[in-house]
Structure formats: structure tokens, C-alpha cells
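Participant: In case you want the letters, here they are:
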Amino acid sequence: MKILLATYWLLPHVGGVWTYMKGLKRGLEQLGHEVDILARDPDDRHYYLLNKHKGVPKESIVEPVRQLVRDHYKKHLPHVGNWIIEQEVERNSFELAALYFGLKPYDLIHTQDAISTRALWRVKPSATPLVATIHGCLAAEYLTFLGTKSPPNDIVWAYTVAREYYGSTSSHLTICPTHWLKNMLADDYRVPSEHLRVIPYGLDIDKFKQRMEQGPTVDRPMDRWVLACPARLDVVKGHRVLLDALAELKRDRTDWVCWLIGGGNQRDALAKQAEQLGLSDHLVFWGDRPDVPSLLNQADIFVLPSLTDNQPYAIMEAQIAGKPVIVSDTGGIPEMVEQYETGILAKTGESHPLYQNLKDVMDNHVLRLYLVEKAKEFAETQWSLSTMTERTLEVYRDVMMGGGEQDG
Amino acid sequence: MGEHHKFSRKRKPSKKAVRRKSDQQAKDIWKVVKSRWPDDYRIPDPEFAEVLAKWGKSQE
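Protein chains in written order, with my numbering: chain R, 1 to 408; chain C, 1001 to 1060.
Worth double-checking, as some hints may not be accurate.
[Claimed, not checked] Distance condition first, Cα-Cα at most 16 Å in a straight line; then the derived EDC-like pairs of lysine to aspartate or glutamate:
#1 C:Lys1031 with R:Glu63
#2 R:Lys250 with R:Glu373
#3 R:Lys58 with C:Asp1028
#4 R:Lys75 with C:Glu1050
#5 R:Lys58 with C:Asp1023
#6 C:Lys1054 with R:Asp154
#7 C:Lys1021 with R:Glu59
#8 R:Lys74 with C:Asp1045
#9 R:Lys74 with C:Asp1023
#10 C:Lys1031 with R:Glu59
#11 C:Lys1027 with R:Glu63
#12 C:Lys1027 with R:Asp36
#13 C:Lys1057 with R:Asp154
#14 C:Lys1034 with R:Glu63
#15 R:Lys25 with R:Asp36
Keep in mind that the hints were calculated from the coordinates and are not lab data.
Input sequences plus hints: build the corresponding full structure.
Facilitator: The structure is reproduced here in C-alpha cells:
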């Protein structure tokens, strides 16, 4: 089969979507399929077929589309504001970029987000099956951004909900990595449950282990515990909660250092919080690193205090690496971690239970070994790339045989 | 040896020429895109426009 993987995300990027797409491409190619990737380039200046280095300047499509969209809304719906208009311009432009590269050669299109799904659904040849994978909920992230759980009664929210709905239903079948995401799309955004299928992520475990064992690129302190938190420095990852937990830990013991692996817009705010809490000597901000597997391999404990998350690759990698996993119980994480078996969960947003779990694992050698053994055993089967690829191919076969929930 | 090589220095194109070339390239791209629009294709997406129109009416 010739398959197009498409996303509105900038690629390559540091994050789960890119890891998933790389893995799926590799898995499909190992089985003899041909795979192209359509995305925006990291500078957001071109649309391109990433693996073919074939691009088109974004501006040449966006400018005329902006004119058309603006004229329409100005004339017919003047109450629609600029933010929504620009979102429409972006999606309409992406669909025309897909047309520019041509969609006819593909036997199947597999989109990776709500925006590219709606875009390619509108322009694909009618007989071409389209499968979507939704990696997160844009509307839920918007609420997190607003700092509320109650949706506002405004036009932006109406638009955001519509984007979630059409972005998940404009396909023959939509894959979610977790039941948590599936239930949210079905319950909160009226996506028919039978249109959604859960396939957990997988990764190339052997390749990850090779990267892990590539040798230390930095020297770890030998006289202190190393706690590793590989996550971009974003509010949703909950670093502030972690720092509060570490302040509590410091009152008990000082024989540790915490590695924050990842860059992001919270860097300065976190450094300031660390200073106020007297933690500066106990934290290392590594920024974005190409050697995360090697850094993780050198750590003693993995910690991820996310406020909202779906199925973080970081947890899968920590379980494979044999690190005790201490995480929050948000989103899809409880589907990855069984309490006191394959890791330890703490209530999301609360620093004291997180501190308690860190302390327990540091104090209790038997518990630590148990968690590591159980997690490794679980990870080897649960997170296998070949399982994910096989299950994805089953979905492809279903929609190609007309077994999708919706006809195109 | 003894042959005299002349290296002609390529003149840098003017800003105006660069802009003209890029405008022409954009026009060509848009022409290709337009020629591939599906029959029933419309900009903007009518279903989103309908959602936004309904929201507007609900506020009247």
C-alpha cells in the first residue's frame, strides 16, 4: 500500500506525535508499505513532503486563502473575530497544500490531528479511505489554558467544540491511544463511540534500548540520587507541583538532584520558583536534548507530574528503561500505570502525595525493585511497535473493506 | 597552462527581480491548486460557517 501520514503539526518536533509518526512509518515500511509524510516545516514557512524534501512556500497558498475567507466572513458573518478567521485560513490552506502535492497516488490517508483530518477529508478523492489518530483534545487544552473546567459561553468555545467534533468525525474511523480520550470525545464532544477505536502507542523497543546504552553523554553525580523529569517546560506538565514536592523532600534529605529534561516557555518562571524554594542547587535544567534515552538510563527515578496528559511516551520509555515511575493520575496515565505494580500514581496537582511517593521509593529498596521488574515486564509486551502497527493495519483493512463507521 | 580563465562574477539579482520571481512562483502555485479543487469544494468550510452563523443568531 502507498500511505500518506499527514499532520498540521510542525515536523520534526520534540513530542509524542512525531515519535508516533516516525515509529508507525518504520513499522509500516518494515512490512513492505510505502509511506510519505505531509506536514509543515519546523519554521512554519513551508508545507512539505518531509521524506521527499519536496515543499511549497506557505505564503503562496495562505495569502489568497486569507483573502477569500476574510471576504466571506466580512460580508456574511461580521460577528466572527480574527482568531477564528485565522484558524479557518490555516486549515483551508493546509487542505490546498495537500491538493498541490496530490492525493490520488495514495491508497490510504492517515491523519494525525483534528485540523489535518478535517482538511484532508474535504479534498481527498472520494474513494480514498481516511483514518485519523487523535493524540489530544484541543478543546480540553483550551480550557486548561483558560484555567477553568467550565466552558465559556462564547463564539470561540462554539468554534472550538465544532473543530473537535468535525476533526474527529471527518474520517472513516478515528484511533485514540487511550480510553480516557475516547470517552472524552464521545461524552463531551458527541463523537459517536462506534467511530472511535483505542490503539495504545508503541515504540521500537530495541532501538530505544540501543540509544539508551549509547553511553553517558554527561556525568551523573555518584553520591546522590538522580530524579529525571523528561517533559517540555509547559504549564500542563505540572513542574510547579513537582518543585513544591521537592521542597518538601529537601526537608527530609538532601542527597538527590532533579534533572528537568526539556525546553519550554516556563523555564524562567520555574528557575525563579526554584530559587524561592531554595532548590537551585538541586535542579539541573538540561533544555531540549537529543540524548534523552541516555540521560534517562543514568537516572534512578522517573517522575512526571502532568496536570493533563494522554499517553506520554516518556512513561513508556521509563518503564522500558527500568526506572521506578512516579506520576500524576491525570488523563490516560492510569491506563499506563497500575498502582504499586508498574509505578505509583499521585493525585494530580497535589505536591504532598508526590513527595510521599518519591520518599517511599527512595527509602524502600524492595518496593523499588518490585516496581522496576513489574514495569519492565509490562512494557515489553504493552508498548511494542509491532503490536501497534498490526492493530493499525487492522483498522486500515477494515476501512478499505468498507467497515468504517462513516462513508466518505 | 598559460590559458587565461575569465571568471564572470554573477550579478546579484535586484530586490525587485527577486520579488517579481517570487510573485510569479506564487501565482503558478495558486494556478495548480485552483485547477485541482474538487467540484463541490468551497472556501471557507461551509459547516464551520454554519456553526458560526447559528451562534450569531442565538445571540440576537
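Participant: Does each hint fit the structure? Answer for all of them.
Facilitator: Here's how the hints hold up against the structure:
1. C:Lys1031 with R:Glu63: Roughly 13 Å between the alpha carbons, so the hint for lysine 1031 (chain C) and glutamate 63 (chain R) holds.
2. R:Lys250 with R:Glu373: It is violated: about 28 Å lies between the C-alpha atoms, which goes past 16 Å.
3. R:Lys58 with C:Asp1028: holds, 13 Å
4. R:Lys75 with C:Glu1050: holds, 14 Å
5. R:Lys58 with C:Asp1023: holds, 13 Å
6. C:Lys1054 with R:Asp154: holds, 12 Å
7. C:Lys1021 with R:Glu59: OK: lysine 1021 (chain C) and glutamate 59 (chain R) at ~14 Å, within 16 Å.
8. R:Lys74 with C:Asp1045: Holds. Lysine 74 (chain R) to aspartate 1045 (chain C) sits at ~15 Å (cutoff 16 Å).
9. R:Lys74 with C:Asp1023: Given that 16 Å is the threshold and the Cα spacing comes to 26 Å, the pair is violated.
10. C:Lys1031 with R:Glu59: Distance of about 14 Å is within 16 Å: holds.
11. C:Lys1027 with R:Glu63: holds, 11 Å
12. C:Lys1027 with R:Asp36: Violated - the C-alpha atoms of aspartate 36 (chain R) and lysine 1027 (chain C) are around 26 Å apart, more than 16 Å.
13. C:Lys1057 with R:Asp154: holds, 13 Å
14. C:Lys1034 with R:Glu63: Holds - the C-alpha atoms of glutamate 63 (chain R) and lysine 1034 (chain C) are around 14 Å apart, at most 16 Å.
15. R:Lys25 with R:Asp36: holds, 8 Å
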